[in-house]
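Engineer: Top line first, the protein sequences correspond to chains F and Y. The opening position of the first sequence corresponds to residue 0 in numbering that gives the first Met the number 0, with each subsequent residue numbered one higher. The opening position of the second sequence corresponds to residue 0 in numbering that gives the first Met the number 0, with each subsequent residue numbered one higher.
Errors might be hidden in some of the hints.
[Claimed, not checked] Below, a sample of chain F positions facing chain Y; criterion: calculated Cβ distance under 8 Å: (1) G31; (2) E50; (3) P55; (4) R59.
In case anyone wonders, no lab produced these hints; they're calculated from the structure. Where a beta carbon is used, it is the ideal one built from N, C-alpha and C, also for glycine.
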Amino acid sequence: MHRIVKYMYRESLKGHLELLLLAVLRDGPAHGYAIIEGLRERSEGAFDLAEGTIYPALHRLEAAGLLASRWSEASGRRRRVYRVTRRGTAALSREQTQWSDFSRAVNLVLESA
Amino acid sequence: MSDGVRDFLARLERELPVRGERRRRILAEVEDHLLEAARLHGAEEALRRFGPPDTLVRGFAEARRRVAERLAALVTLALLAAPVLAYPAVERSLPPAPWPSAAEMPGQLAWKQDAVLVLFLLGFGAALIGGLLLARGRRGLAPVLVALAPLGAMSVLGLILAVQWRAEVTGTPAWLLAVPSAQLGLFAGAALLLGRAFRLGRAAG
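In isolation and in its complexed conformation, chain Y is listed as follows (with noise of 0.2 Å):
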């Protein structure tokens, strides 16, 4: 194998932005036709016609990037939904409150309550708002981003409802924690995935 051969396999091996396997396979793939190339024509030809490795670099970014767009669109759906879904359980197993009514329900988990629904609904509107766009052909992260910032704020202060709740509320199941913990999961999820899609966008170029 040539230096300038060698030299194009490490800076690919560098720079690729696809992991494990996969990767292993691309760079497998490219040395084979490296190396017939430069066998036929020889190695700096077989470079020349093959292109800088940024080509590639460029090209599996946007694949990467667009499968981390879909995907946090995807985790971003799931947020939206598990609320709704989970909602008639958690109704099912809350003990009774121990105020009168539901106006002398202590200050601080009221505005807690009254908060987690007001960034449920602003995290709908803007999700179905994204949905359109999508639907419209506009591409890009800033619906999902749009969606996902009053959920993320949905789901920390849900988990700290859920956690006074519980203190406040004697006989509250533990396994109502569940719910808001696996919500800040998904929009960890959401927000990982999302970052992941705009640093590839970057590497694509």
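Excised from the complex, chain F in its bound form (with noise of 0.2 Å):
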């Protein structure tokens, strides 16, 4: 990938990483590692950013009130596990209509090229 085409990627991944997160979360709670893994899974692979970057964005979000957090004991291990409240399902929904609306007009720009 191109260095600028790669920055511009990273950017955008950047700016949507709090979207992306809400809607890993959709599903079910789970904990940092598990949010990872899913956004991985999910993109088969193509949102492979530093892991660390998802703890601020997580935190960000809680102090929003879109999600919320409690610990967890699984295997002797406390694990800190992350839901989606209310507010954070009624943000998701209307960021996933924005972000349609932007992305279709991004390529209809595109395709007229």
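These two chains come separately, so use the hints to put the complex back together.
Structural biologist: Right, dumping it as structure tokens:
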């Protein structure tokens, strides 16, 4: 991938990370590692970002009331499990509509070029 | 736990710009993540995939910076509102001045009273411009800093004026000193928050 394209791709991914995290968590609560694995799987390996970047984003979403989290104990290990709140579900649905409109418009421009 | 993971966590612990329970939580979450990834892919691969500690440090510093900046702006607004809210109570409680007319007020009180008013108006104007800039999407510490400078000077001068007024005018209640003292406290709080936002901004890169 060309350097500029790679940069645009990375920046675009960063800009939409919160939406993607909400989408992954819509299917059910998960801990950090499972979330990043879910993101990688669903994007068929395309979204292979530094795993550490999701934690500030998860904490931001929680501070905004879009996610909630609690400690859970499994196999003797404590894990922080995140889930989408009602407010988060509403925000996801809103963002999804906006993204659909935006990507449709971008496609129209690209296809006409 | 491998040496690599241990070193990573030690560095993160040193550099993470978050305190208290939140800090313990982040460290525990990262440790759990790295241990799980290391179990599945090996420690070296787990660390490669996670990215350097800077990724987390910058991410959390940016989030904390935004909070500190917003709080500094709120405290600055409180600093602006405090004299307006306190003015009616102060006016009601002041005993009659011993000088026959305002023009004969002792010079050391008169110039300070004028200066406090001018500094308040300057702070108000700067906060108004800062608020407009923020509303237009401009970010940064400049609007708060510009409003805070005259309000800080006003608070210091206000306290000196209150002390001198009390010495000059018999019967001035002691609680009058609480108003500029509270303002000075608000100013110190806003300045500390602003300094913190600046430091976090540098850490966020």
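Engineer: All hints, please: hold or fail.
Structural biologist: Okay, the hints, checked on the actual structure:
Taking 8 Å as the C-beta cut-off, the interface hint given for G31/F holds, the closest approach to chain Y being about 5 Å. Evaluation of the E50/F hint against chain Y yields a held restraint, the C-beta minimum of about 5 Å falling below 8 Å. This hint holds: P55/F has a C-beta 3 Å from the nearest C-beta of chain Y, less than the 8 Å allowed. About 6 Å separates the beta-carbon of R59/F from the nearest beta-carbon of chain Y, less than 8 Å, and the hint is met.
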